[in-house]
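Protein chains in written order, with my numbering: chain A, 1 to 300; chain B, 1 to 160; chain C, 1 to 786.
Because the hints were derived from the structure by calculation, they are not lab data.
Just so you know, not all the hints are guaranteed correct.
[Unchecked claim] Reference listing, derived: stretches of chain C covered by chain A, where coverage requires no fewer than 3 residues with Cβ under 8 Å from a Cβ of chain A:
#: 1; region: 110-122
#: 2; region: 702-712
[Unchecked claim] Below are the DSSO-like pairs computed for lysine-lysine, each with C-alpha atoms no more than 27 Å apart in a straight line:
#: 3; chain 1: A; residue 1: Lys264; chain 2: C; residue 2: Lys772
#: 4; chain 1: C; residue 1: Lys119; chain 2: A; residue 2: Lys54
#: 5; chain 1: A; residue 1: Lys94; chain 2: A; residue 2: Lys27
#: 6; chain 1: A; residue 1: Lys54; chain 2: A; residue 2: Lys160
#: 7; chain 1: C; residue 1: Lys696; chain 2: A; residue 2: Lys264
#: 8; chain 1: A; residue 1: Lys277; chain 2: C; residue 2: Lys8
#: 9; chain 1: C; residue 1: Lys447; chain 2: A; residue 2: Lys277
#: 10; chain 1: C; residue 1: Lys447; chain 2: A; residue 2: Lys286
#: 11; chain 1: C; residue 1: Lys671; chain 2: C; residue 2: Lys8
#: 12; chain 1: C; residue 1: Lys447; chain 2: B; residue 2: Lys149
#: 13; chain 1: A; residue 1: Lys286; chain 2: C; residue 2: Lys696
#: 14; chain 1: A; residue 1: Lys286; chain 2: C; residue 2: Lys59
#: 15; chain 1: C; residue 1: Lys311; chain 2: C; residue 2: Lys59
#: 16; chain 1: C; residue 1: Lys547; chain 2: C; residue 2: Lys8
#: 17; chain 1: B; residue 1: Lys9; chain 2: A; residue 2: Lys60
#: 18; chain 1: A; residue 1: Lys94; chain 2: A; residue 2: Lys54
#: 19; chain 1: B; residue 1: Lys149; chain 2: B; residue 2: Lys82
#: 20; chain 1: B; residue 1: Lys149; chain 2: A; residue 2: Lys15
#: 21; chain 1: A; residue 1: Lys264; chain 2: A; residue 2: Lys277
For each residue, glycine too, the CB sits at the ideal point set by N, CA and C.
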Amino acid sequence: MHSAHPGLPEFDYVKPASLAEASAFLKAHVGEARPFMGGTDTFVRMRDGFWKEKYLVDVKHLEGMQDITYDPAAGLVIGAAVNMNRVVASPLVKEHYPLLAEAAHSVASYQLRTRATIVGNICNASPAGDTTGACIAFDARLKVHGVDGFRFEPLQTFFKGPGKTVLQPGDIVVSIHFPPAPRGAQGKYIKLGRNAIGDLSIVGITVLGYPDASSSSGYRFKIALASVAPTPFVPAPAEALLAEKTITPALLEEAAQAAMDACKPIDDVRSSAVYRKAMVRNLTHKALVDVWGRLSAAAR
Amino acid sequence: MSLHRINLKINGVAEQVDVASNTTLLQMLRDRLALTGTKNGCAAGECGACTVMLNGEPINSCMILAVECEGADLVTIEGLAKDGQLDVVQQAIIDQGGVQCGFCTPGILISARALLNRNPDPTDYEIRDALVGNLCRCTGYVPIIAAVKQAAQMQKQAAQ
Amino acid sequence: MEKSDSQKIPQPVGENVQRIDALEKVTGSAVFGDDIQFGPGLLHARIKRSPHPHALIKKIDGSKALALPGVKAVVTGEGFDGYLGLYLQDRHIFATDRVRYVGDPVAGVAATTEEIAEKALDLIDVEYEVLPAVFDPEYGATPEAPLLHPDLKNYAVANFIFPKADTNISNHFRIRKGDTSSAWAQCAAVVEHKYRVPHIQHVPIETHVAVARVDDRGKITLWGSSQSPFAQRNLIAKALHISQSDVEVIAPYVGGGFGCKAGVSMEALAVAIAMKVRGRPVKLLLTREEEFHTAFVRQGVVAYFKMGCDKDGKILAMENRYYWDGGAYTEYGVNITRASGYSGTGPYRVPNVSVDSFCVYTNHPVGGPMRGFGMPEMHAGLEQCVDELAHAIKMDPAEIRLRNCVRGGDIILTGMKMHPTGLSECIQKAREAIHWDEVHPASGPNKRRGKGMAIMWKAPAMSPNAGSSAWVEMNEDGTATVGLGGQEIGQGTFTVMAQIAAGTLGIPFENVRIARPVDTDYSPYEWQTVASRLTWSMGNAVMAAAKDAKRQILEVVAEAWKENIDDLDIVNGNVISYKTEESISLQDITIYGMPRENFNGWIGGPIVGRGKFMPTYVTGLDPETGQGERSVVHYTTGAQAVEVEVDLETGRVEVIKAVAAFDVGKAINPKLVKAQMEGGLVQGLSTAFFETLRLKDGVVINPSFVDYRIATSSDAPADIESIIVETAQDDGPFGARGIGEHSLVPTVPAVANAIYAATGVRVGAPPFSAEKVFLALMEAGLVKGV
Ligand SMILES: Cc1cc2nc3c(=O)[nH]c(=O)nc-3n(C[C@H](O)[C@H](O)[C@H](O)COP(=O)(O)OP(=O)(O)OC[C@H]3O[C@@H](n4cnc5c(N)ncnc54)[C@H](O)[C@@H]3O)c2cc1C
Ligand code: FES
Ligand code: FES
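Let the sequences and hints guide you as you build the complete structure.
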């Protein structure tokens, strides 16, 4: 029987004065120190006894961490420490990346989103993360500060397994960068939980579609699936179908089927693999129909 | 483990507390300051019984370290009524019969107050969405949802 | 002035007065168990628990833990050889020689902080010899199963519980009435099914908490979140071989109980630990995860039903068998088994009945009482079978219920004559409110609509002589303080008792106070806050106490005024004379009495009324046939109907409208009655859609809110209608009966029947999660598979 502790285990709270200091501290305490944002994953894991860090490093106050900025040419930058409620409420996000707001809104509860961050959601690398799909669909990159200075990490290669990322000791994500959203893009996030709202996802379906002259169908669709694989999952065959063939109701069904065929979910406490598979098909289809409906309406 | 001296305002009163790194805001309120109106139902961010208002936003007090609250302005259930005058959400939840055992009530009232602050005229769906992190095992939520509607109405009338 | 008609219901009975505890609960000042301040002397306890479902304890070594700075005591079962148990005493405070479930307490630590106590647990070494375990009650009842309680035959047991020595069967209750075997041939339709209803948890938002202190003389004080202060006093005293009056239980507000805080659950652990650190209060607060692992569960059941009816829908026979997964010990399980036996046909008139209800020891968590006490689990399958009978003979499911439902004067399965009951009225009203005969179109092409109904009955399941007592004490200001021992757990009992006292005495509601917290040293005796019995039983006691106080007051005034007591009354806080129209305020006279004429001495003195109630008429039942004259005190009956929409894309079921109609005898406070109906209904829906305590090899694998979901604000139906039916209870205060538990009894089968009506598919046992519904639709070929 595994049972969580009544409170958090002992650790030291560390608040470095600069990113350089923070990265140096993390690097000097490999396996003993961890950066955190809202702590909504971190505290839970520590209270459960799975994580035993000696130091929690608070970097939320450091430069750029709390900012949301938008530039039509460069796109959107969200500081790592910006909480999800701010993302949901941001007029910039609502106007240019409504899919991201929709996904963030689906996470937990309002009061938890006062703490939870998108960067935390991504760095936590849970296959169930609700905001990851939208970030992947928008081709977002993470700006990382490490012991050797700044670099960018694309999300396509960021995830290595459940809870595993390419981040190295000393790395701190400072912000997440979204290129300008494709012109005419329409998006949909469908989260299926056990409760009507508020649960973790049994499956999470992100679909982003936009006109694209370079593809034979004239459109490009980005699809990302949560909770169906060890990492956030992109069903490439489905995306390919929608780019290559003329879009018809039958093709949307075919693509949904392809998404289902591409993923290999597992049984867990929340759901069986069989149900997950069926839901990937049905809800990908539903999301595609919805997005396609809006795309074709806009084209008329 | 190091101790941290923090200064913050709780229900309008300045407080100074020495807290350990691993003390959550919930633990500080209940165990150090005897502000026991804020409840512990899970210590894991799931039930919402510990919800307080931090710098104007509702937050699970079990999901934030006390040391992170340096300089914060905090409102707990004890600070919701002003000068003996109940907040409209308090009055409305009584009127609608939204209180049974009362253990979820403090958290619910903070969430409700925060909702009406950011959205004075919420729809049924918006109310449910705002309360989804506050579990109640007794009432079935229906009278609580009605109470938030009533409170919005009362607030509107008072403003006129 | 007119003398009031004594049959008339006095104000504020029947009125929607405001809850007496509302203000303190909305301001955060209401005190719950963990809120009580004990100062720096408080020690914190944590419990070392068994990781094995079944094992012998070979050795426990706490010496390393004791050496940890801050640890004040490490306590094991050594020296605690007594047994706990309400009906069957089968559980030591700490497991001593053997552990029987994952989470069974083997040792406890008291330390200066919770953190230190928690650390100390890892330093306690326990050696086990693992034994084969039992996880299925049917298997557990067979001779092949390993024996979990070899001492069963030596356990003390109540005279209406029948354990079978040298088996795992801790109770077997039987009903034999008429002749089922010859009845089947006369049936036009026979339905036969097996259901496996899973374990669930009560999930109060407040977890269990207990603080114990033992003084120099050995007197124990226990503060706790408790539905049963007096039962705890009694059972803990017995287990410790001490006198009941040396145990004081103080019970502040309860943050939700639903049964799991009845009897003794974890409280004795705090007491045992406190005995080793005399003078210091010791607090044990369960974490949410610990609550899921170790608190009483609603036990699972494997239920077999066979029932048949003739071509007119008259039910001719039922043959039902229930195997209750009682778990490792049986605080309440044996009596749930009994209750589901003597109510084993559901609320139907059935001439030929055979019921066998078994309580079986398993290596699962301990079965406790949960809202409904076996009835929701039993009705879950039973009411689906009745539905199927109706469909089999092409009868409307509401109609078959109307034709067969129990009515006043019927002889029920135990041979008892049914009292007047408004069940058929409940069915009619639910049917009207849900617009039973209308067909509503679904909201989309991938949706299916349907309506379902289920009915229920439930009697307070308790010792036949469970008693209540109360006092009513008058204060200088003319107010009255009511002393009682029943607990406010959210149901509103303090408010209802104040209404009964106010109405009976003749004073305004605002002038009644409830003496709290309940404290067994100061409060009058109350059996337990369970069984939906307080309004009826404690209500009678409070009424009697108020009448007694009133009589005493009127006697004083009658003597002072030289009037006949029959001409006097108390109205709105004043004693009045119908004859002389004279009137005097209660202020002062109920404490200081009244002066005689010319100040020639005084009459009266402080007024304290007292009252009690105990049902004296319940008879024993024949152990072979379950027949007897009066099996229970009474039944509350009712019906629920729901309209659902099933989403064929996901299997998700949405409740469009839900209707509840219950016969509560008399609603003392209709708003509180409806709050019970509504809250219970949503809790019922929560069990219908979400809840299962997932047990894998005896281990709870979903011990948190993340994995054990309950209904949230997003899941409550938008449209709920609650209907009160009132067929007076002959021995209830103003005719009242209980309603707390009943409101979730028929919910699961009502939903199941609605899903069937919508899709033609029976999902069987709950929960009807989207996944389960979808997979059932898939199997039926209604939706595309994978
Ligand atoms: C009750 C509850 C419900 C939840 N429901 C959902 C849900 O519905 N959907 C969902 O997706 N998630 C859910 N979560 C999980 C969690 O809230 C989210 O993953 C959240 O986005 C994490 O953000 P955070 O800022 O709190 O992360 P933290 O806990 O602060 O960090 C998470 C991880 O990221 C690392 N990290 C954080 N910041 C940085 C940084 N700047 N640089 C490098 N590494 C970093 C941390 O070291 C840690 O490993 C839930 C959690 C709880 C407690
Ligand atoms: S105690 Fe914080 S959410 Fe439950
Ligand atoms: S009133 Fe009891 S949990 Fe909400």
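Hints, verified against the model:
For a cut-off of 8 Å, the count of residues in the region 110-122 of chain C with a CB near a CB of chain A stands at 3, and the three-residue condition holds. Only when three residues or more bring their CB closer than 8 Å to a CB of chain A does the claim for the region 702-712 of chain C stand; here the count is 8, and the claim holds. Between A:Lys264 and C:Lys772 the alpha-carbon distance is near 20 Å, which keeps this suggested pair within the 27 Å criterion. Between the alpha carbons of C:Lys119 and A:Lys54 the distance comes to roughly 16 Å, so the proposed pair stays at or under 27 Å and holds.
In summary, the hint linking A:Lys94 to A:Lys27 is not supported, as the alpha carbons are separated by about 37 Å, beyond the 27 Å threshold. Only pairs whose Cα atoms come within 27 Å are accepted, and A:Lys54 paired with A:Lys160 is accepted, the gap being roughly 25 Å. A C-alpha spacing of about 24 Å is found between C:Lys696 and A:Lys264, which places the hinted pair at or below 27 Å, so the restraint holds. A hinted pair counts as satisfied when its Cα atoms are at most 27 Å apart, and A:Lys277 with C:Lys8 does not qualify at roughly 65 Å.
Between the alpha carbons of C:Lys447 and A:Lys277 the distance comes to roughly 20 Å, so the proposed pair stays at or under 27 Å and holds. For the proposed pair C:Lys447 and A:Lys286, the alpha carbon gap of about 14 Å is at most 27 Å, so the pair holds. At roughly 21 Å between alpha-carbon atoms, C:Lys671 and C:Lys8 fall within 27 Å of each other, so this suggested pair holds. Restraint check for C:Lys447 and B:Lys149: not satisfied, since their Cα atoms lie roughly 30 Å apart, outside the 27 Å limit.
Restraint check for A:Lys286 and C:Lys696: not satisfied, since their Cα atoms lie roughly 35 Å apart, outside the 27 Å limit. Proposed proximity of A:Lys286 and C:Lys59 is contradicted: the alpha carbons are some 60 Å apart, above 27 Å. Our distance criterion of 27 Å between C-alpha atoms is broken by C:Lys311 and C:Lys59, whose separation comes to about 66 Å. Distance check on the hinted pair: C:Lys547 and C:Lys8 sit about 15 Å apart at the alpha-carbon level, within 27 Å; holds.
Taken as a hint, the B:Lys9 and A:Lys60 pair is honoured in the structure, with Cα atoms around 21 Å apart against an allowance of 27 Å. Pair hint A:Lys94 plus A:Lys54 does not hold up; C-alpha atoms about 39 Å apart against a cutoff of 27 Å. For a cut-off of 27 Å, the pair hint linking B:Lys149 to B:Lys82 stands: about 21 Å separates their Cα positions. Proximity of B:Lys149 to A:Lys15 is assessed by CA-CA distance (about 43 Å); at most 27 Å being required, the pair is judged violated.
About 8 Å separates the Cα atoms of A:Lys264 and A:Lys277, which keeps this hinted pair within 27 Å; it holds.
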